[in-house]
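Asks: Chain by chain, the residues:
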Amino acid sequence: MSQSTEVEPSTTAAPRRTATPVTATRRRPARRAGTPYAFLAPALILFTAFLAAPIFYAGYLSLRKVQVSGLGLGSKARTEVWAGLENYARSLSDPDFLPSVGRVGAYGLIVVPTMLGLALLMALLLDANRTREAVSKFARISIFLPYAVPAVVASLLWGFLYLPRVSPITDVVEAVGFTAPNLLSSDLTLWAVANIAVWGGTGFNMIVIYTALRAVPTSLYESARIDGASEIAIAWRIKIPIVMPSLVMTFVFSLIATLQVFAEPMTLRPLANTISTTWTPLMKVYRDAFTRNDIYAAAATSVIIALATFILSFGFLKLVGRRAFNQED
Amino acid sequence: MSVLSAQKRSPLATTLLLLGAAYCLLPVLWVLIASSKSIGELFSTFTLAPSTHLLDNIVDLNNYRDGLYWRWMANTALYAGVGAAASTLISAMAGYALAKFEFRGKSLVFNLILAGVLVPGVILAIPQYLLLAEVGMTNTYWAVLLPSFISPYGIYLARIFAAASVPTEILEASRIDGAGDWRTFGTVVLPMMRTGLVTVFLFQFVAIWNNFMLPYIMLGNDRLYPITVGLNGLLNQGANQPSMYTAVVTGALVSIVPLIALFLTLQRYWQVDLAAGGVKA
Amino acid sequence: MKTKFAPLMAALTAAALFTGTACSSSSDSSKGATDPAEKVELTYWSWTPNMDKVVAAWNSKNPNIQITVNKQDGGDAAVTKLLTAVKAGSGAPDIMQAEYQKIPTLVSSDALADIAAEVGSVKGKFPAGTWNGVTLGSEAVYGVPQDSGPLMFFYRSDVFEQNGLRAPKTWDDYAAAAEKIHQANPKQYLGTFSATDAGLFTGLAQQAGASWWGVKGDAWTVDINDAATQKVAAYWGGLVEKGVVDNKPMYTPEWNAALNDGTQVGWVSAVWAPGVLDGSAKDTLGKWKAAPMPQWDAAAPKTGAWGGSATSVTTQSKHKKQAAQFVAWLNSDAEALRLLATEAFVYPAANDATSALTSPPSFFADQPDYYTIAGEASKTLAPFTYGPNVNVAYSAFNDAFGKAAESKKAAAFTESLATIQKTTVDDLKNAGFTVAG
Numbered sequence: 001m002s003q004s005t006e007v008e009p010s011t012t013a014a015p016r017r018t019a020t021p022v023t024a025t026r027r028r029p030a031r032r033a034g035t036p037y038a039f040l041a042p043a044l045i046l047f048t049a050f051l052a053a054p055i056f057y058a059g060y061l062s063l064r065k066v067q068v069s070g071l072g073l074g075s076k077a078r079t080e081v082w083a084g085l086e087n088y089a090r091s092l093s094d095p096d097f098l099p100s101v102g103r104v105g106a107y108g109l110i111v112v113p114t115m116l117g118l119a120l121l122m123a124l125l126l127d128a129n130r131t132r133e134a135v136s137k138f139a140r141i142s143i144f145l146p147y148a149v150p151a152v153v154a155s156l157l158w159g160f161l162y163l164p165r166v167s168p169i170t171d172v173v174e175a176v177g178f179t180a181p182n183l184l185s186s187d188l189t190l191w192a193v194a195n196i197a198v199w200g201g202t203g204f205n206m207i208v209i210y211t212a213l214r215a216v217p218t219s220l221y222e223s224a225r226i227d228g229a230s231e232i233a234i235a236w237r238i239k240i241p242i243v244m245p246s247l248v249m250t251f252v253f254s255l256i257a258t259l260q261v262f263a264e265p266m267t268l269r270p271l272a273n274t275i276s277t278t279w280t281p282l283m284k285v286y287r288d289a290f291t292r293n294d295i296y297a298a299a300a301t302s303v304i305i306a307l308a309t310f311i312l313s314f315g316f317l318k319l320v321g322r323r324a325f326n327q328e329d
Numbered sequence: 001m002s003v004l005s006a007q008k009r010s011p012l013a014t015t016l017l018l019l020g021a022a023y024c025l026l027p028v029l030w031v032l033i034a035s036s037k038s039i040g041e042l043f044s045t046f047t048l049a050p051s052t053h054l055l056d057n058i059v060d061l062n063n064y065r066d067g068l069y070w071r072w073m074a075n076t077a078l079y080a081g082v083g084a085a086a087s088t089l090i091s092a093m094a095g096y097a098l099a100k101f102e103f104r105g106k107s108l109v110f111n112l113i114l115a116g117v118l119v120p121g122v123i124l125a126i127p128q129y130l131l132l133a134e135v136g137m138t139n140t141y142w143a144v145l146l147p148s149f150i151s152p153y154g155i156y157l158a159r160i161f162a163a164a165s166v167p168t169e170i171l172e173a174s175r176i177d178g179a180g181d182w183r184t185f186g187t188v189v190l191p192m193m194r195t196g197l198v199t200v201f202l203f204q205f206v207a208i209w210n211n212f213m214l215p216y217i218m219l220g221n222d223r224l225y226p227i228t229v230g231l232n233g234l235l236n237q238g239a240n241q242p243s244m245y246t247a248v249v250t251g252a253l254v255s256i257v258p259l260i261a262l263f264l265t266l267q268r269y270w271q272v273d274l275a276a277g278g279v280k281a
Numbered sequence: 001m002k003t004k005f006a007p008l009m010a011a012l013t014a015a016a017l018f019t020g021t022a023c024s025s026s027s028d029s030s031k032g033a034t035d036p037a038e039k040v041e042l043t044y045w046s047w048t049p050n051m052d053k054v055v056a057a058w059n060s061k062n063p064n065i066q067i068t069v070n071k072q073d074g075g076d077a078a079v080t081k082l083l084t085a086v087k088a089g090s091g092a093p094d095i096m097q098a099e100y101q102k103i104p105t106l107v108s109s110d111a112l113a114d115i116a117a118e119v120g121s122v123k124g125k126f127p128a129g130t131w132n133g134v135t136l137g138s139e140a141v142y143g144v145p146q147d148s149g150p151l152m153f154f155y156r157s158d159v160f161e162q163n164g165l166r167a168p169k170t171w172d173d174y175a176a177a178a179e180k181i182h183q184a185n186p187k188q189y190l191g192t193f194s195a196t197d198a199g200l201f202t203g204l205a206q207q208a209g210a211s212w213w214g215v216k217g218d219a220w221t222v223d224i225n226d227a228a229t230q231k232v233a234a235y236w237g238g239l240v241e242k243g244v245v246d247n248k249p250m251y252t253p254e255w256n257a258a259l260n261d262g263t264q265v266g267w268v269s270a271v272w273a274p275g276v277l278d279g280s281a282k283d284t285l286g287k288w289k290a291a292p293m294p295q296w297d298a299a300a301p302k303t304g305a306w307g308g309s310a311t312s313v314t315t316q317s318k319h320k321k322q323a324a325q326f327v328a329w330l331n332s333d334a335e336a337l338r339l340l341a342t343e344a345f346v347y348p349a350a351n352d353a354t355s356a357l358t359s360p361p362s363f364f365a366d367q368p369d370y371y372t373i374a375g376e377a378s379k380t381l382a383p384f385t386y387g388p389n390v391n392v393a394y395s396a397f398n399d400a401f402g403k404a405a406e407s408k409k410a411a412a413f414t415e416s417l418a419t420i421q422k423t424t425v426d427d428l429k430n431a432g433f434t435v436a437g
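Protein chains in written order, with UniProt numbering: chain A, 1 to 329; chain B, 1 to 281; chain C, 1 to 437.
Incomplete in silico selection of chain B near chain C, CB under 10 Å:
1. L68
2. L131
3. A133
4. E134
5. G220
6. N221
In silico negatives: residues of chain B with every beta carbon more than 10 Å from chain A:
7. G40
8. I58
9. V59
10. N63
11. R65
12. A173
13. A179
14. D222
It should be emphasised that the hints constitute simulated quantities derived from the structure, not laboratory data. Just so it is clear, CB atoms sit at the ideal spot from N, CA and C, and this is done for glycine as well.
Next comes chain A alone, as it looks inside the complex (with noise of 0.2 Å):
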C-alpha cells in the first residue's frame, strides 16, 4: 500500500485533532481579515442566490394562496392571497400524507442497513485480500460500476427486470419449477424499489469504508494475527471499530438520500397499480406542485420536509458527537 506523504499524517482522526489548536494558535494576526471572505465569497454569493434565496421564497409561496372568484375563466379571475398556516394544516391533514411517511420510514429500515451491511462485507472482503487480485479488482469496479447509471436509467432498467411478463428473473424462476412472485404487487413493491437504491448505493458506500481500511496501518492486526485471531475477530474487534467514523458519515448520508426517495419509484409508477401518485413525500410535493399546478401546497410539504431532514440528521450527529463532521471549534 503506498500512500502519498502528504496526506498519511492526517489519515486517522486522532493525531489531526491534536493537531487542530497548535496550528490554531500559530496563525499569524498579521494576515489580511478580508482574505478568508474572499474565498468564500463566490460560494457565498451562489449559495445565497440558489439555495437560500429559493427556500425562503418556497417558504414565502408556503403561507400562500391563489383566490378563484366565481367561474374563474375570466383573465385576472385568479389572485394570490395570504393563507397563513392553511396550507400546512391541509399538507398534515392530507390523509395520503402519514401513509407515505410511514412507507419511507419502512423504506429506509430496509434500504440503509441492507446497503450499509453489503457495503461493510464487500469491503472487508476486499481488505482481507483473501482472493485473487483479479478477482478483487474487478468486484470492486463491477460493485461500484452503478453508481455510474443515473437514477433514472436505474429505475427503467429494473423496471424491465421487475415486469413478470418480460423479465428473465420470471424465465429462469419458472424454469427450475416454481412460479415467480410478481415483484410489482402490493406486497413486494416497497423491496422492488428498495432493491434499486441498494443497487446504486452499495458501491459507493463500499469505497468510502474501504477509503477508510486502508489507513489502517497493517501493524495493527499483523500482531493480532500472529495471536492467532481469526478473521472475523480482527475485523470485528480492530478494523470496525477503526472505520466507524466512516460508517457514521455513510449512515448520515444515506439516511438524507432515503428520505429524499423520489426518482425510483416516480419512474416506476407508469408501471404498476401499487405506486401512487403520493407514495412518498416528495411524490406528493411533485403531484401538487406539477399535476395539480398548486405549488403553494408543493411548497408548504417541501418545508416539513426539509425541516424533518435537519432534525433527524443534526440530531442523529449530535447522538453520535459532533466530531464526525470534523468540526475543530
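Once you've looked at the hints, dock chains B and C against the given chain A.
Replies: For chains B and C alone, kept in the frame of chain A given last:
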C-alpha cells in the same frame, strides 16, 4: 466459516465478491443485450439472448430527428464538465477558507453549508425557476449551469481535503517568502489539494449528469436538454405515440458508456475517506 | 348540440358571427397582411412528431412570420412548464399545443390568449362540439382545434374468427367475447383496465352519457359519481373481478409485449391507435381490424374521445395577431391538413379532414373504410365538459383505481368514484371556485 482459516485464498470470499459483482452487473448486462435486439425481438425473444441489431439501433438513434441524441450527449458533457469544473474551483476556495482561516461567522457559514447538503433538489426546482425567470434566464444553458456551480457537498469535502492535505507550516513558509494569499492559493494550496479536488470534480460531475429535475423544469427547448431529460421524453411520448423502447434502451446504454470510461480511467481518485479526510492516491 | 352552457351559448353564437364577419378579410385571404415589413419569430411548443415538417411549409411561404417548433415531452410536462412560465411572467412560447381537457385549467390560469377576433372566421370549418372545446361556451376563442380522438375498438380478427366471434356491437357482446376468448386460452385477454389512463376512462364515461363538469349559472358543477360513470366503473370492475380482462396498466413494456405476442387481442382505443400498434405490435401486422365502439344502446350509437388537442396562442406572445394567423392556417388550410395527416399522423379535427385522409393508415392497409368508420364515430361524439381541475380528478383516478384494479373487486371500482368526486370538489372549493350542489 472458511474465512476463519488462515490460508491465503478463501473460496467463500471469492464467491461473495463475485455474487456482489454479478448482482451489480445484471442490469448492465441486460441493457447491453436488450440494445442488440430489434423492436420486434425486444419483448418476444428470451430476455438474456443477445441479437445482432446493436448497430441498426445505434443508426436509428443517430437518425432520430437529425442526431438530436448526440446533441443531448454534448449538452450533458457541457453541463457536467463546465458545471463540475466551476463548482470544484468554488468549493476549493471555500473549503480552503473554512479549513485554514479563523474568522467571524465561520461556524455559521459552515453550518449553513451543511444544511445545504440536506435540501432535496425537487424542492428547489420551482422557486429556482421562478427566480431565474425574473432575470429572463430560463430556457438557456445558464439556467442549468449556474445552479450547479454551487455544491454544499463539494465545499464540505473540499474543507476536509484542505484540512488534511495542506500543512499550515507550508502556508507560513509561503507567506514568509512574500507570496500573497491568492498566489499561495494558486501555487501551493491547489496543487496540494489536487487529488481531493479531482474527487470533488467527479462527485459533482456525476451529480449533474444524474440530475433530472432541474433541467426538466428549466428547459423548454429540447435542443438544450441533457441526456436524462431527453431519454425521459423518448419514453413518455403521450398516449397516442408508441414508446420508443429500442431508442430508449440503446440510448441508455450509450449514455452510460462515457461515465464508465471516466470511472475506469480515474478510478484511483475514487478513494474518499468521508470521515478522516484523506484521499489516498 | 346538448350543452350545459345554454345561457352562454347564445352570446357565443352572436359573438362568433360578429367576429367572423369582422375579420374574415384580414385573416383568411391575405397572407402577411399585417405590416409585411415586420419580421417576427415565434416559438411553438408541441409534442406532435414531425410538426417541424408541417411548419416548414408555412415558413417557406411566410418569410416574415417564422415559426420555430420546440418539441415537448407530452401534454402534462408542457402544461406544467407553461403554467410556471405564466406565473413567472416570462418564458412561455408564443404558440402552444393544448389538449382539450387542459384548456379550462390553462384559461383559468390566464395562460391562453383570446383570439376570437383573429380566428373567429374558421369556426364553420369545425364540428360544433369540437369548437365548443376551445370556447368553453364563452364568446372568447382560446385556440383552434387541431386533432380529435374519437374512441374506436380494435381487435385481432384472426383470434375472433377462431373463436367464432364477430366484432362486438354492444358492451354485452364485448363482455361475452372477453369471457369466451379467455376461457379458450387463459393467457389471452380482450383488454385490460388501465388505472394509469384516466383519459380513456373519461372517454368511456363520456360515451355512457356522463359530463363530469358543468356550469350552472355562476358556479361549477362536478358530477363524477353519476349514474353513467357508475355503470362504466361497475362494468369494468365486473370484468376484472371475473378475471376475463387484465388489470395491468397500458403503455408498459409488458403491455407492448402482450400486444405483440398475441396475449392482448383487443384494444379499446381511439382513431390514432394504428400509430401505437405499428410501433408496439409489428409482428401482428395484417391481423388487426378496426370497428366502431361497442355500445350501451345499439339503437343510439355514441362515442367518447381520448386525446385530441387545439393550438393556442399564449398570453405572453407579443405577436398575437401573427401567431393566430399561423394557428388558423395550420388547422384549417387544405395543404396544412394534408401535411398534418400524412407527416404528423394526426387525425385533423377540421371537417375538411376527410379529403386529406384518402387511404387507410398503413397498419390497417386491408381496411379501406378505416377513415369512414372514424368519420362516423366523430359524428356520434357525446357532449362533455371539462373543468378547471381535470388534473386533480385524473391523479385521484390514478390512485383510487390503481388500488381498485390491484384488489380486483368490482365494489372497489364503484367506490373509487366517490373518492374522486370528493377530491375534485374539495380542490375546487379550496381554490375559491364557486361550486354548486
